[in-house]
Amino acid sequence: MLLTQTVIQTIEENLPVLLPLFIIQLLLMITALVSLIRATSTRGPKWMWIIIILFLNTIGPIVYFIIGRRDDL
Amino acid sequence: MLAGLIKPTEGHVSLDDYKENDIRKHIGYLPQHPQFHSWMTGREFLIYAAQLSHLPKKEAAQKADSLLNRFELQEMKNRKIKKYSGGMKQRLGIAQAIIHSPKVLLLDEPVSALDPIGRRTILNLMEQLKKETTLLYSTHILGDAEEVSDEILLMHKGAVVESGSLDKVKQRHNVDKITLRFAKDTKKYQNILENLSSVIKTEYKKQTLQVYVTDPVIAKDEVLSLAVSEKWPLLHFEVGRTTLEDLFMKVVNEHAVADPI
Amino acid sequence: MQWLTLYKKECLESARNFKWIWVPLVFILLCITDPLSTYYLPLILESTGGLPEGAVIEIPTPLPFEVFMMSISQLNLLGILVIALITMGTISGERKDGVAELILVKPVSYFSYITAKWTAYMTLILSSTFIGFLASWYYIELLFGDLSFTNILLTFLFFGIWLMFVVSISIFMNTSSKLPGIVLFLTLGTLIAMNLGTTIFSTYLEWSPSKIVSYLPVLLNNGYVPEDLWFSSFGAAILSALFIFGATLLLKRREMV
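Residue numbers (my numbering), protein chains in the order written: chain A, 1 to 73; chain B, 74 to 334; chain C, 335 to 591.
If you're looking for bench data, these hints aren't it; they were derived computationally from the structure.
Hints are not guaranteed to be accurate.
Quick list of the computed label-pair ranges, beta carbon to beta carbon [what the hints assert, rightly or not]:
id : chain 1 : residue 1 : chain 2 : residue 2 : range
1  : C       : A575      : A       : L3        : 35 to 43 Å
2  : A       : R70       : C       : F568      : 35 to 43 Å
3  : C       : T484      : A       : I51       : 22 to 30 Å
4  : C       : A575      : A       : I11       : 46 to 54 Å
5  : A       : I23       : C       : F445      : 53 to 61 Å
6  : B       : S139      : C       : L491      : 47 to 55 Å
7  : A       : L19       : C       : P394      : 37 to 45 Å
8  : A       : R70       : B       : D138      : 24 to 32 Å
9  : C       : T533      : B       : D138      : 55 to 63 Å
10 : C       : N556      : A       : L33       : 41 to 49 Å
11 : C       : L530      : B       : H213      : 29 to 37 Å
12 : C       : L491      : A       : I67       : 26 to 34 Å
So, partial list: chain C residues that the calculated Cβ filter (under 10 Å) puts toward chain A [to be verified]:
id : residue
13 : Y373
14 : L377
15 : A469
16 : W471
Since this is a predicted model, take the numbers as computed values, not measurements.
For every residue, glycine included, the Cβ atom is placed at its ideal position computed from N, Cα and C.
Here chain A stands alone, though its shape is the one from the complex:
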């Protein structure tokens, strides 16, 4: 408990520094989701990709863009 509190406190203190990072990660996630929703076919089911994009921070969206999209060629 103490640990989580310290982490939260640290993040709060350093928000101006960390905010751009969070914004970029969020943008990447949103772009991936928009692309996923508009895609007509993906490798593997769509719900699986939604979970990957939402819960695997940064890596999820990248993996989706590289191997999840099928119909851009």
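Please arrange chains B and C on chain A, whose structure you already have, making use of the hints.
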């Protein structure tokens, strides 16, 4: 090879006096299974194809729009090609092949993958297109070839075995025959016909009787008078008219005999 | 005119499939991860309590140019992986699914077809790298101290030549196979083999493109271009040109079998 994608092993492809230039400028080509950039809209793809053929941007857009109208794709023109059906893709394929008004249009099996309605549309289009440009296409559906072609080349094992205008070729290989169809008792009449002096042989297939004769004029009279006097239950009577399919089988058989390999 | 049509098509494609959004974002993330984690390292160690009581944490704060080199190392590893992945299907994929057949029967020169693709990817990759550099520079100024922007620009130019070399290899490999996976394998394989060769024959291969990155710290710190950096950049440019011409010849051969 003719489209400039494959280099000939021997000889060269020439087109009137364009031998020196890149012949691709004068050729429109549609492969058997055309693939597009499916992320583009139909209109975008046509403009892209036109610009690659050195049409200025404005002209390319005009040409694309007029072809989209002509090929009844105007409703789909701003939708992605991945949403198109097989028939629409085929029409788009022909549109991109003729967008630069080529001297020669090559179509590879243009209708083989289509449903009957799509096939009919494309055949009608081809009928129009052959008035505008030289249309060269391959097919193994001989009925289609007969319908649209003026001149034919029959290929067997990679070599041209017969060529010329459709009428001339047909005349050359004409088989004198009469085709008959009866309501009943076909076998009985087959025997009677075989005893006629002008008949060489008869063949029974698919409910009809093929009667091969020495002279179609005499035979026609003989058969018809018999049919009237004996009240034959005739359903169908046809003199001559070799179909391209008969012709093809005949030519290929002749070659198979001449060349046993 | 025709070249421009091909180039615009490539850029439009990269925009439609979101490459123009996600590649810059990923490059920014690659560039800022190390400056941030380096800055917060003492804090992280402290809060996880991984150190025994009374231990004195003595981690020297790296110099600004050293932190910037960390960003470059990230791009040099994961960035190049991303580059190889996004370029692996650009020609091979079009040939595999048959679009190339439709495009190359048009009176298109093979050289334009290849250079338009090459330029389009260079535009995307260099823009992304530049944005990534700016992001890294921002955090370094904020957290570590001053770093000359002129030196960063110079570094960008030379690092750009190295990336150009990578793109050229990938384009060349694109014409040698119709399978994007094979293209990826060949591209990365070539880069790794070159790296090994350069390490082993280091003294003879001062001009090897693989050495460009190792000359960058001097440039970044002093704003001075070492002689070997000129040589290796020159080597990279020549080899890139050879790869592009090779790709044109190979495509001509492959398409006109």
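Hint by hint, here is what the structure shows:
Our hint of 35 to 43 Å for A575(C) and L3(A) is violated, since their Cβ atoms are close to 56 Å apart. Separated by about 41 Å at the C-beta atoms, R70(A) and F568(C) satisfy the suggested range of 35 to 43 Å. In this structure the hint that T484(C) and I51(A) lie 22 to 30 Å apart at CB is violated, the actual value being about 46 Å. For the pair A575(C) and I11(A), the beta carbons lie near 49 Å from each other, so the given range of 46 to 54 Å is met.
A hinted range of 53 to 61 Å is violated for the C-beta pair I23(A) and F445(C), which are about 42 Å apart. Taking 47 to 55 Å as the suggested C-beta distance range, the pair S139(B) and L491(C) conforms, at roughly 48 Å. Between L19(A) and P394(C) the C-beta distance comes to about 28 Å, which lies outside the given range of 37 to 45 Å. Checked against the given bound of 24 to 32 Å, the beta carbons of R70(A) and D138(B), roughly 31 Å apart, stay inside it.
Judged by the Cβ atoms, the range 55 to 63 Å given for T533(C) and D138(B) holds: they are separated by roughly 59 Å. Restraint check, N556(C) to L33(A): a C-beta distance of roughly 45 Å satisfies the suggested window 41 to 49 Å. Between L530(C) and H213(B) the CB atoms are about 55 Å apart, so this pair departs from the stated range of 29 to 37 Å. Checking the proposed 26 to 34 Å range against L491(C) and I67(A) shows it holds: the Cβ atoms sit about 33 Å from each other.
The interface hint given for Y373(C) is met, as the beta carbon of that residue sits about 8 Å from the closest beta carbon of chain A, less than 10 Å. With a least beta-carbon distance of about 6 Å to chain A, the hint placing L377(C) at the interface is held under the 10 Å criterion. Interface restraint check: A469(C) against chain A, minimum CB-CB distance 8 Å, threshold 10 Å, status holds. Annotation: W471(C) was flagged as interfacial toward chain A, and the flag is violated, the nearest CB pair being 13 Å apart, outside 10 Å.
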